[in-house]
Amino acid sequence: MWLQKQINLSPKPRGFHLIDDEIISSIPEIADIKVGLLHILIKHTSASLTLNENADPTVRNDFESHFDHFVPEGAPYYQHTYEGSDDMPAHIKSTIIGSNHTLPITHGQLNLGTWQGIYLCEHRNNGGSRQLVLTIQGE
Amino acid sequence: MWLQKQINLSPKPRGFHLIDDEIISSIPEIADIKVGLLHILIKHTSASLTLNENADPTVRNDFESHFDHFVPEGAPYYQHTYEGSDDMPAHIKSTIIGSNHTLPITHGQLNLGTWQGIYLCEHRNNGGSRQLVLTIQGE
Amino acid sequence: MWLQKQINLSPKPRGFHLIDDEIISSIPEIADIKVGLLHILIKHTSASLTLNENADPTVRNDFESHFDHFVPEGAPYYQHTYEGSDDMPAHIKSTIIGSNHTLPITHGQLNLGTWQGIYLCEHRNNGGSRQLVLTIQGE
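Protein chains in written order, with my numbering: chain A, 33 to 171; chain B, 33 to 171; chain C, 33 to 171.
Treat the hints loosely; a few may be bogus.
No copy labels: a pair is met if it fits in one copy or bridges any two.
Said to hold, decoys possible - Listed below are the simulated BS3-like cross-link pairs for lysine-lysine, each with C-alpha atoms no more than 30 Å apart in a straight line:
id, residue 1, residue 2
1, Lys-37, Lys-66
2, Lys-37, Lys-75
3, Lys-75, Lys-44
It should be emphasised that the hints constitute simulated quantities derived from the structure, not laboratory data. Source: prediction; values computed, not measured.
This is chain A alone, in the form it adopts within the complex (with noise of 0.2 Å):
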């Protein structure tokens, strides 16, 4: 079995955000399998995913300030700077976090740690409702 759809996020504010009830929300197929894979690609490149701790939401800022730290606006080195001092920094942790993401399907639920959540990782001050592709196989 294959399934295949785009969604579209809501907007967030730069930072780091918990979107498992969206990406469930829109995927109830899922019950029927009983094991199998959900792919996740972000089709952007200032802006990723990854999986994180779900409970506490200072571990979220701890994210953002951390990046915000290791990737700097207006290091010196930067060329590309025509589209913001957050541009060229947002490219770069899209590519230290990641756009694409394979999770686990077992007996209809995603199958991911207690502590693991799903995050969208907004690098932009505006970076608007976000596409994402989700390809579901399993039997």
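Since the structure of chain A is already known, use the hints to place chains B and C on it.
Positioned in the frame of chain A, the structure of chains B and C alone reads:
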């Protein structure tokens, strides 16, 4: 053909560890797969997985040194500190390195480069046993 | 439907390079796939793959500058130095950026964002030809 299983790795100290043997010995079924894929998820947010050099152990030491330097404990901007000084850096390292990987299977074996091994990256001082979900498909 | 092949990329200088054309021209078979996935593994530990901006070449220059700055050659904590000063940083960059990616196929084409291209990230000064394993499945 689909196959899925969960395995528990033996507990490991903080650092980077080769786990090819633990993974391969748990999936003898791939011997029957001509072309396929192995997907691995680590169900944790303070340990991660990567592929890297499988020969000289000093490479793995240098990974630990580098990530400890660039994802420091006690950074002044951390708000999430109540789980210990090794906790928030572990979350960040996990996102930088990655929690899910897919590897090709060819003629009954994992098809990696000569020098590629699978690392468990243990970012906590006392992480204990880590759980993986292995999902195999192929023909 | 399953298809798997190995390809050798043309040798490239140290830096970040668009390789969409080299990949797509090697897999004409995806024209027949309505829904599917392309998995790519680079079989090396000192080069990597990512998706990022496919338009302005200064973006790719800035990637090289950034990673050279934050994964420096000659860091005092490196023990693995006998393969040259570009070797250990290449291993670390490879793990940060990633060695395996999965991309959706829709109606016979890779389904990436308008601005997304596939980069070979060559971290060695003289890396030579790099080998990829491409695994395609779909219906």
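Status of the hints after comparison with the structure:
1. Lys-37 - Lys-66: both (20 Å within a copy, 12 Å between copies)
2. Lys-37 - Lys-75: Both: 13 Å inside a copy, 26 Å across copies.
3. Lys-75 - Lys-44: both (16 Å within a copy, 26 Å between copies)
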